[in-house]
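With the hints as extra help, turn the sequences into a complete structure.
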Amino acid sequence: MRALIIDDSRTMRIIISKIVREIGFETGDAGDGQEGLNWIAENGFPELVCCDWNMPEMNGLEFVQHARAMPGNEAMHIMMITTESEADNVMAALEAGANEYLMKPFTKESIQDKLSILGLVP
Amino acid sequence: MNELLNEFLVESYENMDQYEGSLIELEKDPTSKKLVSAIFRTLHTVKGTCGFLGLSRLEAIAHAGENLLSLVRDGVVSFNQAIASALLATGDAVRAILAQLEKTETEGDLDYSELVALLVSLQKPAAEGAASVAESAHPTKAAPTEARAVPVEAEAVPVKAPVKAAPATKAPAADPKPESKAVKAPVEVPVEASAAKAQPTAKAPEGDSPSGSKASDSTVRVNVELLDRLMNLVGELVLTRNQIVQLTGSLESVPMQAACHRLNHITTELQDRMMKTRVQPIDALWSKLPRTVRDLAQLCGKQIRLETEGAETELDRTVIEAIKDPMTHLLRNSVDHGVESPEERRAAGKNPEGRILLRAFHAAGLVTIEIIDDGGGIKVERVKARALERNLITPEKAATMSQQEVVNLIFQAGFSTAEKVSNISGRGVGMDVVKTQIEKIGGMVDMSTEVGKSTTCRIKIPLTLAIIPVVIVGCRGDRFAIPQTNLLEVIRLDKNLMVETVHETPVVRLRGNLLPIVFLDSVLAIKTGEREETQHLVVLQAGDRHFGLVVDTIHEAEEIVVKPLGRALTAVSCFAGATILGDGHVALILDIFGLGSRAAMFQSTRAANAFEEEAKAQGVGTGALLNELLVFHVGGIRAAMPLDMVSRLEEFSREQIEEAAGRQVIQYGGSIMPLISLSRALGFDETKSSDGRVQTIVYARNGRAVGLVIDGVEEIVRGNIEVQPAGRRSGVLGSAVIGKQITELIDAQDLVRTHASDLFE
Amino acid sequence: MNKTRQLCTFVLEGQTFGIPVDCVLEVIRSLPLTHVPLAPEAVCGLINLRGQIVTAIDLRRRLELGPLKEGKTARMNIIIRTSEGPLCFPIDEVGDVVDVEERLFEPVPETMTGTARKLIDSVCKLPGTLLLVLKGDYAELAGI
Chain A
0 MRALIIDDSR TMRIIISKIV REIGFETGDA GDGQEGLNWI AENGFPELVC
50 CDWNMPEMNG LEFVQHARAM PGNEAMHIMM ITTESEADNV MAALEAGANE
100 YLMKPFTKES IQDKLSILGL VP
Chain B
0 MNELLNEFLV ESYENMDQYE GSLIELEKDP TSKKLVSAIF RTLHTVKGTC
50 GFLGLSRLEA IAHAGENLLS LVRDGVVSFN QAIASALLAT GDAVRAILAQ
100 LEKTETEGDL DYSELVALLV SLQKPAAEGA ASVAESAHPT KAAPTEARAV
150 PVEAEAVPVK APVKAAPATK APAADPKPES KAVKAPVEVP VEASAAKAQP
200 TAKAPEGDSP SGSKASDSTV RVNVELLDRL MNLVGELVLT RNQIVQLTGS
250 LESVPMQAAC HRLNHITTEL QDRMMKTRVQ PIDALWSKLP RTVRDLAQLC
300 GKQIRLETEG AETELDRTVI EAIKDPMTHL LRNSVDHGVE SPEERRAAGK
350 NPEGRILLRA FHAAGLVTIE IIDDGGGIKV ERVKARALER NLITPEKAAT
400 MSQQEVVNLI FQAGFSTAEK VSNISGRGVG MDVVKTQIEK IGGMVDMSTE
450 VGKSTTCRIK IPLTLAIIPV VIVGCRGDRF AIPQTNLLEV IRLDKNLMVE
500 TVHETPVVRL RGNLLPIVFL DSVLAIKTGE REETQHLVVL QAGDRHFGLV
550 VDTIHEAEEI VVKPLGRALT AVSCFAGATI LGDGHVALIL DIFGLGSRAA
600 MFQSTRAANA FEEEAKAQGV GTGALLNELL VFHVGGIRAA MPLDMVSRLE
650 EFSREQIEEA AGRQVIQYGG SIMPLISLSR ALGFDETKSS DGRVQTIVYA
700 RNGRAVGLVI DGVEEIVRGN IEVQPAGRRS GVLGSAVIGK QITELIDAQD
750 LVRTHASDLF E
Chain C
0 MNKTRQLCTF VLEGQTFGIP VDCVLEVIRS LPLTHVPLAP EAVCGLINLR
50 GQIVTAIDLR RRLELGPLKE GKTARMNIII RTSEGPLCFP IDEVGDVVDV
100 EERLFEPVPE TMTGTARKLI DSVCKLPGTL LLVLKGDYAE LAGI
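Going line by line, the protein sequences match chains A, B and C. Take the first sequence: its letter number 36 is residue 35 in numbering that gives the first Met the number 0, and every next letter is one higher. Take the second sequence: its letter number 711 is residue 710 in numbering that gives the first Met the number 0, and every next letter is one higher. Take the third sequence: its letter number 19 is residue 18 in numbering that gives the first Met the number 0, and every next letter is one higher.
Treat the hints with care, as some may be off.
[As the list claims (entries may be wrong)] SDA-like cross-link-like pairs, simulated, lysine to any residue; straight-line CA separation at most 20 Å: (1) K102/B / A138/C; (2) K32/B / K103/A; (3) K439/B / T484/B; (4) K17/A / F51/B; (5) K117/C / D749/B; (6) K459/B / V432/B; (7) K102/B / T81/C; (8) K102/B / G44/C; (9) K27/B / D294/B; (10) K562/B / I78/C; (11) K107/A / A541/B; (12) K17/A / L3/B; (13) K103/A / S55/B; (14) K562/B / E224/B; (15) K562/B / G84/C; (16) K526/B / T33/C; (17) K102/B / G84/C; (18) K562/B / E83/C; (19) K32/B / N58/A; (20) K113/A / F51/B; (21) K32/B / M69/A; (22) K103/A / L3/B; (23) K562/B / E92/C; (24) K526/B / P36/C; (25) K103/A / H554/B; (26) K439/B / A541/B; (27) K562/B / T81/C; (28) K107/A / L52/B; (29) K113/A / A95/A; (30) K562/B / T33/C; (31) K526/B / G44/C; (32) K562/B / P36/C; (33) K117/C / I18/C; (34) K562/B / V223/B; (35) K33/B / P55/A; (36) K562/B / Q14/C.
[Stated by the list, open to error] To give a feel for the contact side, a few chain A residues facing chain B, derived at Cβ under 7 Å: (37) R9; (38) T10; (39) I14; (40) T106.
It is worth saying that the hints were derived from the structure and are not from the lab. Predicted, not measured: the structure shown is a model, and the values here were computed from it. Positions of the beta carbon are idealized from the N, C-alpha and C atoms, including for glycine.
In C-alpha cells:
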C-alpha cells in the first residue's frame, strides 16, 4: 500500500513518513496541495493521504476539494493532520471529503487506531 | 546529532528568517492578509513539530505567538508597533532556544514566562478596543485604514512591555552566532528541469500560482558539506591537471597533447560550474538586515526605509559569511550618522522618512555592493579638521587633498566620526576595522558623499575565496604561498639593494623611500634548514601598511585551492590556510595581515634584537622555554605574557566601554568583546590613564576574544627566560628577570578561566 | 555473554595504547610532514591525506614520553576521527585490533599525573601488558 504525505514542513514529512512506513506503507511526499496533486497525476491514487492543513500555495482543504473532484479517487483515504487550534476546520475538511483527522502531536499507536477505523490495517 | 532534530533546526532557522522578514514587511503594509498568513504559518510549523520532539518550552512560546497572530489574521486585533515588537521578541526567543538545542540538544532553562504573558496580554485589551471601534466605524472588519485609526488604546497598552521582556529574551543571545556551523544549511541548487516539469499539468487548477512552476520543481537541496567536498575534489583535479599539462609539455605525442588540451578545457569549465553551485544570493545576508535597521532607527528616533536592489546578485557563500560583519557595521553607521532625524529632514525640506538603499551588482569579475543613504552627507571640513587634530595628515597634505580623499580618511585607524557619543552604532569598532575586514578577503571599500544629499559607501569584493592566485616562495627549504592580492612586487636582493638598519629596524631603500622589512624565517621563528645565498624581497601590502618580506627563493605563480587549517592552528594568526602543491606537499598560505601585525610588534621594540644578542651571549635560561614575551606594565608592576597568547594589541577610548550583564564590554570587530581589568584581576588598584585611552591585549581562543586591560606596552623580548615559581597566585605563572628587572609572568589562560569562564567553555 | 569493546592498539616508546576502533579512520604508512611555524608544541605538522589537510599531533610530547631517538622516524600514521575533525598521530608500530571485555576496563589510577591524565580515558589489564585507552578529544589531544 502507498501513502502520500503532504506537509510544508520537511521535518513533519520525515516524522509522518517514518511512522507510516513502520506500519507498512510505501510513502511519497509533497510540500503543499499542488505538489500533492502533481504527485497523484504522476503516480496514481495512493491508498492513503496524510495532509497538513495550513500550507502555502494550496492548503489542505483546497487539496481535498481538488482531489475528490478527480475521477477514480474513491479508494483513496484522506486523513487531515491538524492541531487543536484548527479544530473548527476539521468539519469543513470532512464535509469536503476527508475521511479522518489526526491531532498533532500523535504517536504510531494513534495513527494505527485511525487507520484501523478506516480499515487500512488489520 | 539526531538527524530529525538537525532537520528541524535547519528548517526552523529558515522559517524564523522568513518570519522576521515578513514581520518587518508587515510593519510597512499592516493590512496585508498574505503577510499575516505567511507569518502565522512559519510559527505554526515550528509549533507543530515541537510536540513530536518534546520541546514544550518552545511550543509554549510559539503557541502564544500563534494565538496572537491568529487574532491579527482574523482582524480581531489590529497590528501595531507593540505587537510587532512582541512578535519580534518571540522570534528572538525561538532562535535562542534553537541555538541552545543546537549546542546542547536541550531547550535550556531560560524563563520566557514574561514574554508569553506579554503575548497573551496583547490579545486582550487591544482586542476589545480594536474590535469594537473597528466594527462601529466600519462594518467590514478587514477595513485597513479603520483598523489603523484606533492606535490610541492599542499602543497605550504595551509601550513598556517589550522592554521588560527584553532581558529574558536577550540573555541567550550572548552567543553571538546562533546559526553556527554545526547545522549545515543546505542551499538550493538549480538543476536542469527534467521529469518534474514534464508531468501533465492539465489537472493543475488554474489561477493558483500565476508564476507557474515553483522553484522547487527545478531545484534540489544539496548539503553544503557535500558541495564543499565536491569543490575540494575539483580543486584536486585542477592541481592534477596542472601536473599533467606540465608533464606532457615535453612529450612529442600529438594525440596525447590533444587529449591533454581537452582535459585542460573540461577542468576549467568544471571548476567554473562548480563555483556556481556554491553561490547564494546576497539576499541570504540582506534579508536579516531590515530588522537591524528597524531596531536601530527606533532607538535613535529616526524613520528609515530600507530598500534593496540586486538582492539576487550571487556570491560564494564563504564571501557572504565574510562580509556579514562589515556590511552590518556600515549599515548601522548609515542609520546612526548618515540619515538625519525627522525634524532635521523636515527643516531641510526633505521627506521626514529617510531612505537607505542597498545595491549589488556584478562588474569585471567583482561584486560591487553599495550602501546609499539620502542623509546630510559627510562634512568634509569637519573630517579634515579631525584628521589634522589626530595627526593623521599634515596641514600641507590637507591643503592639497581632494574631497574624495578627505572623506576616505574616516577609514584610517584612529579616526572616529562620532561627534557626540552615540549609544547605538559606530562605538568601539572604528571604520578602520571594517576596512581591514573587507581587505582581508581581497576587497576594497570607499566612500563618497554629496553634501546635504547623500553618502555612498562602495564595497568591491571578489566572487569567490575558494581558489586564489598566489606566488609560492621558499624559505629555508619550506614553501609558503603569498596571495597575489597582497603582493606588489618581487625584487632580488643584491649589492644594489641591501638591507640596512635604522635604530635596529631593518629597512631597504626602495626608489628613495625607506621600506621596513621583515625576515620570514625570523618572524616565523624557523630555525631549521639553511638560508640561501641569494635572497629575494617581496613587497607586500596589508591595508595601508607596506612592508618587505625577505625570503630565499621565488617559485612559480599558481592558482591554489584554499583549505582550512584545523582548530589546533586557528590561533596562529600568520596563516590563512593551507594548500596542496603540484607535488602533493602541503604549503601554508601566509596571512599578510597577521604577519604584518606580528612584524609590527617586533619592530615596535628596538631593544628586542639587542636583548636577544645579550641573552645569547650570557647563555641565559635553563628554566621554562618561553621564546617570545610581550612585556607591559599594569597596576604599577612590570608583567609579561608569551607572545603566542597575544592575538592583537588594541587601543580604545574610555568612552567606548559599555556595560553589559555586569561586565565591561567593547564593540570590537563586529561583535562584543568583554574586558578584564588585569590590575583588578591581579589584586591591584585600577589605574586610569590620563588621556582617556585604554590599552588592551586581545586574547582569543576558540573564536572568542577577551580584552585584557593593561596600562601600557613596554617591549617584546626573546630568548630563554628562567621562571621562578610564584607560589599560589591566581593568574600568575611566576616571575623572571627580564631586561634586568623583575617581571611577573601572566597566565592568561588561568585569568580568563577565572574571570570569563562562561565564554570559554 | 560478556560485553566487549573493540580497540585498535599501537606502540609508542614501548608502551601499548588503544583507541576505540570506531574512532580510527585509517592506518597508513608515514607521509611527508609539513612543519607549521609558531604552532602549539603538540602539533608536529600537516599531512596531505588524499587532498584533505590533516593536523598531525606528536603524542610523545603530549604524553611526555620523551623525544624520538636521533635518526629515527615514525613509521606509521593513525588517522582518527574527532568531533572537530580528523587528527593524525605518527606512531612506531601498529598492533592488532583487540576485543576487550568491559570488565577489564578500569579508571585511570589516581596517582597518574601530568597531561597524560587528561588524555587517557581508562586502563585495560590485558595478560602480560597494560593497555592505555586514549580519549578522542580534539582539544585535549592537540593541547589547545
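Tell me, which hint numbers fail for this structure?
Of the numbered hints, 2, 8, 11, 21, 23, 25, 36 and 40 do not hold.
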